[in-house]
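Enquirer: So you can see what is in the structure, the chains are spelled out below.
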Amino acid sequence: MTAFTPAYIEKILPLLWDGMQVTLLLTALSLAGGGALGTLLAVLRLSRRKPVALAAATYVNLFRSLPLILLIFWFYFLVPLIVGHSVGGFYSALTGFILFEAAYFCEIIRSGIQSVRRGQILAGLATGLTYRQTMHAIVLPQALRNMLPVLLTESINLFKSTALVYVVGVRDFLTTAGMVGTRDNTFVGMYVLVALVYFVLCLGASLSVGRLQRRYAL
Amino acid sequence: MIEITKVSKWYGDFRVLTDCSTSLAKGEVVVVCGPSGSGKSTLIKCVNGLEPFEEGTIIVEGVSVGDRKTDLPKLRARIGMVFQSFELYPHMTASENISLAQIKVLKRSKADATARARELLDRVGMAEHADKYPGNLSGGQQQRVAIARALAMDPIAMLFDEPTSALDPEMINEVLDVMVGLAQDGMTMIVVTHEMGFASNVADRIVFMDEGRIVEDTPKDDFFRAPRSERAKLFLSKILRH
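One line per chain: the protein sequences are A and B, in this order. Per the working numbering, the first sequence starts with residue 32, numbered consecutively. Per the working numbering, the second sequence starts with residue -19, numbered consecutively.
Each hint should be verified, as a subset may be incorrect.
Unchecked claim - Interface residues of chain B toward chain A, partial, derived using beta-carbon atoms under 8 Å:
id, residue
1, Trp(-10)
2, Gly(-8)
3, Gly42
4, Val43
5, Asp47
6, Arg56
7, Arg88
8, Met133
9, Ile136
These are calculated hints, taken from the structure and not from any lab test. By construction, the Cβ of each residue, glycine as well, lies at the ideal position given by its N, Cα and C atoms.
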């Protein structure tokens, strides 16, 4: 058993950093993809055309009703079948995260837009702005401010959820730490360290958004 | 200038407006009153096409509001509207509220729009509050900024939808004063209000509505002296008792 000393931590740090980069990349790409797809879904869900709104609602309800870990498994086996060759754990997990997060982002963005009073839209239209201009200059800036806290909470959730890629063998931060712990028999120290890192990063993000929100509060 | 002819509107099966007809000449001030739910707000929102209507026609300076081919944003830019709940944009300063549509719709430069905003803020007695956000203004101040926002488009007519109903009593007069000033400057105005003092001072005509119909459309003196319908008599007796 290796002693869990500062010198030891320094030695394994490059390995853990490799893992953290995978975690951060997975989070960033899932956020970007899920955010974009979620915005699109939100616009579709608010559409006045019933079939379009229904299709988007069905998507959201379907993906919100499935466990994330199941989606990760599913795409791990499904994506290779569709594209004809193995794409590796990273991309199949990424696909799962994007599709899953899109459902949540859709709901966050939709409720953000709906939180803006209808009178604001009427006021914009009454001055001669088009519907698109009204959305862009009046509704969306307010919606974004209103949804900032939930958006952040969901992003932090996603950051933590990426640890689930453990099940398909992607070497993210947690998986790497686990492997090192097994190799050197330093489980206890490693998992305490991992917990600390997640805790500090998530708390830091929460606090900084709290400050951001106070600055832009309406 | 504004001609409303036999306008009817339904919400599903419920008929909110029935054959409403009236007209305004340039410079005329018409007060629309009546019990709540009588369709007053709905009717004036039809004038700038914020509410669609199923039957009848509304012509504003030769442009038919209900016509599918009408460029509604262009028409709305020429008709100012003031809402009961002010509806200033909370994420913009008073000055920015007034500049937005000038820049986006009238394509004025930012400098020109801001200069015009200052001028109008001065006119409604809000010059020193130009850089404040709506959240830091009182209701009466917000409504005066909202009036300035509508005036910034150099409208040919103004619609007021219960502009003082959401205000504390001590703030009502500062808003009414601005409106009286506008009327005296010759602005064409349709005002939905319960302020009978304002009506008897500046209105040319009173339109009285009940259950979606225009029950009376008369010069104001006739209305206050001798309302014809029982419904209007009842309404006046309730509103003027104190």
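Enquirer: Hints first: check each against the structure and report whether it holds.
Expert: Here's how the hints hold up against the structure:
1. Trp(-10): Violated - the Cβ of Trp(-10) (chain B) stays beyond 8 Å from chain A, reaching only about 18 Å at its closest.
2. Gly(-8): 16 Å, violated
3. Gly42: Cβ of Gly42 (chain B) sits 18 Å from chain A, so the hint is violated.
4. Val43: Val43 (chain B) check fails; min Cβ-Cβ to chain A is 13 Å, beyond 8 Å.
5. Asp47: 17 Å, violated
6. Arg56: 5 Å, holds
7. Arg88: 12 Å, violated
8. Met133: 6 Å, holds
9. Ile136: This hint is violated: Ile136 (chain B) lies away from chain A, its Cβ roughly 12 Å from the closest one there, beyond 8 Å.
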